[in-house]
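Visitor: First residue of the sequence shown? That's 45 in our numbering, and the numbers climb one at a time after it.
Quick caveat, the hints were computed from the structure, so don't treat them as lab data. The model shown is predicted, which means the values in this text are computed figures rather than measured ones. A portion of the hints provided could be inaccurate.
Distance windows between CB atoms, simulated [stated by the list, open to error]:
(1) Glu-497 <-> Arg-362: 33 to 39 Å
(2) Gly-181 <-> Gly-210: 17 to 23 Å
(3) Gln-414 <-> Thr-64: 37 to 43 Å
(4) Phe-67 <-> Asp-440: 35 to 41 Å
(5) Arg-470 <-> Asp-253: 34 to 40 Å
(6) Ser-111 <-> Ala-343: 35 to 41 Å
(7) Leu-423 <-> Gly-312: 38 to 44 Å
(8) Ser-111 <-> Ala-469: 45 to 51 Å
(9) Arg-470 <-> Val-422: 21 to 27 Å
(10) Arg-470 <-> Ala-189: 19 to 25 Å
(11) His-115 <-> Arg-142: 25 to 31 Å
(12) Phe-67 <-> Ala-302: 38 to 44 Å
(13) Arg-538 <-> Ala-469: 32 to 38 Å
(14) Glu-513 <-> Asp-131: 36 to 42 Å
Lysine-lysine pairs mimicking DSS-like chemistry, simulated, CA-CA at most 25 Å apart [to be verified]:
(15) Lys-382 <-> Lys-410
(16) Lys-437 <-> Lys-410
(17) Lys-382 <-> Lys-361
(18) Lys-311 <-> Lys-552
(19) Lys-425 <-> Lys-437
(20) Lys-410 <-> Lys-425
By construction, the Cβ of each residue, glycine as well, lies at the ideal position given by its N, Cα and C atoms.
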Amino acid sequence: MAESVPEVPSGEAARLTGITKHFFGVAANEDVDFDLRWGEIHALLGENGAGKSTLCSVLAGLYHPDSGEIHLDGEPVDLGSPHQALDHGVGMVYQHFRLVDRFTVAENLTLGHPETGFFTSRRSLERQVGELGRRYGLEVSPQAAVWQLSVGEQQRVEILKLLYRGVRILILDEPTAVLTPQESHNLFGTLRALADDGQAIIFVTHKLDEVMAVADRVTVLRDGRKVGGMPTSEADPATLARMMVGRDLSVPERPRTAPGEPVLSIKGVTAEGDRGLEAIRDVEIEVRASQIVGVAGVAGNGQRELAEVVTGLRRPKRGQIIMGGVDITRSSTLERIKLGLGFVPEDRMRTGMAGGLPLAANLALKAYRQPPLSRGPVLSKQAVEDRARTLEKQFDIRGVRGALPTSLLSGGNIQRAILARELSARPRVLVAAAPTRGLDVAAIQAIRQLLIEEAEAGTAILMISEDLEEILDLSDEVIVLYEGQVMGRLPRDRADPDLLGMLMAGRKVDAA
Numbered sequence: 045m046a047e048s049v050p051e052v053p054s055g056e057a058a059r060l061t062g063i064t065k066h067f068f069g070v071a072a073n074e075d076v077d078f079d080l081r082w083g084e085i086h087a088l089l090g091e092n093g094a095g096k097s098t099l100c101s102v103l104a105g106l107y108h109p110d111s112g113e114i115h116l117d118g119e120p121v122d123l124g125s126p127h128q129a130l131d132h133g134v135g136m137v138y139q140h141f142r143l144v145d146r147f148t149v150a151e152n153l154t155l156g157h158p159e160t161g162f163f164t165s166r167r168s169l170e171r172q173v174g175e176l177g178r179r180y181g182l183e184v185s186p187q188a189a190v191w192q193l194s195v196g197e198q199q200r201v202e203i204l205k206l207l208y209r210g211v212r213i214l215i216l217d218e219p220t221a222v223l224t225p226q227e228s229h230n231l232f233g234t235l236r237a238l239a240d241d242g243q244a245i246i247f248v249t250h251k252l253d254e255v256m257a258v259a260d261r262v263t264v265l266r267d268g269r270k271v272g273g274m275p276t277s278e279a280d281p282a283t284l285a286r287m288m289v290g291r292d293l294s295v296p297e298r299p300r301t302a303p304g305e306p307v308l309s310i311k312g313v314t315a316e317g318d319r320g321l322e323a324i325r326d327v328e329i330e331v332r333a334s335q336i337v338g339v340a341g342v343a344g345n346g347q348r349e350l351a352e353v354v355t356g357l358r359r360p361k362r363g364q365i366i367m368g369g370v371d372i373t374r375s376s377t378l379e380r381i382k383l384g385l386g387f388v389p390e391d392r393m394r395t396g397m398a399g400g401l402p403l404a405a406n407l408a409l410k411a412y413r414q415p416p417l418s419r420g421p422v423l424s425k426q427a428v429e430d431r432a433r434t435l436e437k438q439f440d441i442r443g444v445r446g447a448l449p450t451s452l453l454s455g456g457n458i459q460r461a462i463l464a465r466e467l468s469a470r471p472r473v474l475v476a477a478a479p480t481r482g483l484d485v486a487a488i489q490a491i492r493q494l495l496i497e498e499a500e501a502g503t504a505i506l507m508i509s510e511d512l513e514e515i516l517d518l519s520d521e522v523i524v525l526y527e528g529q530v531m532g533r534l535p536r537d538r539a540d541p542d543l544l545g546m547l548m549a550g551r552k553v554d555a556a
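Produce the entire structure from the sequences given, and follow the hints as far as they go.
Guide: Okay, structure coming up:
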């Protein structure tokens, strides 16, 4: 049983050569070479869909490559399952944690461990967990049930679980996606301590600042192929971005114009979540014309319920919602649309699009009752298709193939299509929930530019996002939600990642 991480040799920990993996005839990895050294943090960088997770899943034994070789410590291996990978000291922390909520931390660590028997001393087990946590800055109570832990603490348990099993090659897939800035900073410290102790770490990300902050080396994938790699001491964000997307990117800038009159007022709104418990409580937000108000917070703190209450998808328990001087608290979604409400939902395919319909039909969903798309009860198919072609060109929607389902488009193009439909209706208020989540760098820049232009045109935008960079780049005012309540309210010039991170963690701070 692993009371501590064993000594590991210097040199090469892993080498992947010519890794190719196809899914349904599409190459996720194509002839990829990758090497990892003991005692280093090696970032694997790329856009969404570049093949990062697939390559790591091959090393972790989840996928078997169609071709290629894997060497660990200089020896060829055939990793046919995650169990075999663990036996070779390779483990992966996935984006979605694999813990049993009702079990304690200690019980989760020993679940399925070959050396843990029925008569294992609980006290001895908890002592080992505590020592391992203190050693690497992964402190968490061994007696606590997982459901009682924050997301950041649950991630610590996932890492501890692998260390307890003697893993020496640690793979983390987008590990900061669910963390506050402070938790991310603490994670970086943990990874550095592990690397200094001889562990080999693969850090999967699409965030350039994280690569520069934590990695010793970086390898870039694009469209399933390796396009290059270098020590981070020789890299810069612009070069890495160009390698990721194959061209130079311009960063959209947010002009700071004076906001107009209040257009959306959320007054003391309380609403229940799906379990019948209060998900948001006494929320007060005001959004003015030409203003972007950003709502920040760790996932699960009432953001989804707030968006649904404003757009009419969820009834509030109490409070008022005023739009353009009209009380819309009890209005239907259709009535809100007629008053000029636009919505970019968090779940694009479930709420934002009818995935089985062609793009032209989806683009017409908010306008089919009006000329020129319809005259009386008759819908003009030609007008629908003409409008779709115009919006495809205007919003640079690519990959459209006639009557094929919209669900076949990439995430970035689906998001462009949703924005095309919503913005072409010229909304007075736009609710944008996680507008760039899961998109690649180029698509993110394009979507942010569209939001900036819409605000400059006079639209009041309520932007709900877990991406602090996005919040800080685009917002005129920042609201922080914690456990469904407004924890802080800051003008952009007084907001910074550290302050927002403390508010997101539920700490009251003096923002003056």
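Visitor: Could you work out which of the previously given hints the structure breaks and list their numbers from low to high?
Guide: Hint check: 3, 4, 10 and 12 fail, others pass.
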